[in-house]
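For the sequence shown, this note's numbering assigns the number 1 to the initial residue and increments by one for each residue that follows.
Check before you lean on any hint, since a few could be wrong.
Restricting the straight-line Cα-Cα distance to at most 20 Å, the calculated cross-link-like pairs of lysine to aspartate or glutamate (DMTMM-like) are [to be verified]:
hint, residue 1, residue 2
1, K117, D26
2, K102, D46
3, K117, D46
4, K92, E49
5, K39, E112
6, K94, D46
7, K117, E49
8, K39, D110
9, K31, D46
10, K39, D74
11, K31, E53
12, K108, E84
13, K31, E49
14, K109, E49
15, K108, E32
16, K94, E49
17, K92, E32
18, K102, E32
19, K111, E32
20, K109, E32
21, K114, E84
22, K102, D26
23, K109, E84
24, K117, E32
25, K92, D46
26, K92, D26
27, K31, E84
28, K31, D74
29, K111, E84
None of these hints come from the bench; they were simulated from the model.
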Amino acid sequence: MKYITCILAFIFFSVASAQAQPQRIDNFIVKENLTQNSKLAIIALDSAEQPLERINGTFVFNLNGFQQNLQFHDGVAVVQQPVESSTFVFFKHKNQENTVSKLYYIHKKDKELKPFKINGLLLLLIPLAILLIAYLFRRFLVTFVIIAIVYAYFHFAKGLDLSTIMESILDALKSLI
1 MKYITCILAF
11 IFFSVASAQA
21 QPQRIDNFIV
31 KENLTQNSKL
41 AIIALDSAEQ
51 PLERINGTFV
61 FNLNGFQQNL
71 QFHDGVAVVQ
81 QPVESSTFVF
91 FKHKNQENTV
101 SKLYYIHKKD
111 KELKPFKING
121 LLLLLIPLAI
131 LLIAYLFRRF
141 LVTFVIIAIV
151 YAYFHFAKGL
161 DLSTIMESIL
171 DALKSLI
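With the hints as extra help, turn the sequences into a complete structure.
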């Protein structure tokens with residue numbers, strides 16, 4: 001009898017601890033819905049990027065600032081609004097402990113959707129790279145103009161015409177190649 005009581009207690013505590021695991025989403029990805037009806041599917045993931053099929057219920061997500069209640073079944077929820085054209089979508093989900101947010105570019109071609117995850121660091125690095133290139137080009141442009149003026153002065157001072165200057169420039173470019 002004592003042996004059966006221990007087994008029943010073990011089973012009871014095992015079931016209770018399994019039920020006590022919180023239903024929360026700490027990571028997710030966005031894919032096209034399997035039916036290809038221009039709708040997106042959000043798939044709940046664990047820390048190893050594996051789907052969490054135990055996630056069921058309604059979870060609140062913000063999509064581009066609009067709050068939506070998404071119904072998850074076996075770790076997958078479908079966004080009810082179809083995507084009409086290529087767009088950026090910012091997905092955000094707040095748990096009790098943290099907030100998970102991801103930016104995606106949704107490319108729509110014909111009836112097919114292709115979500116591309118965008119790293120937030122790129123939103124900082126791309127403008128900085130453009131500013132750096134513009135700064136370097138500006139400095140390079142000023143140097144190029146000064147060299148061109150000196151070059152033109154020496155060529156015109158020796159009695160060369162424009163066609164000869166252009167031909168010498170083309171020859172110099174050919175020698176570089």
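**Unmet hints by their number, sorted upward, for this structure** = As far as the earlier hints go, only 14 is violated by this structure.
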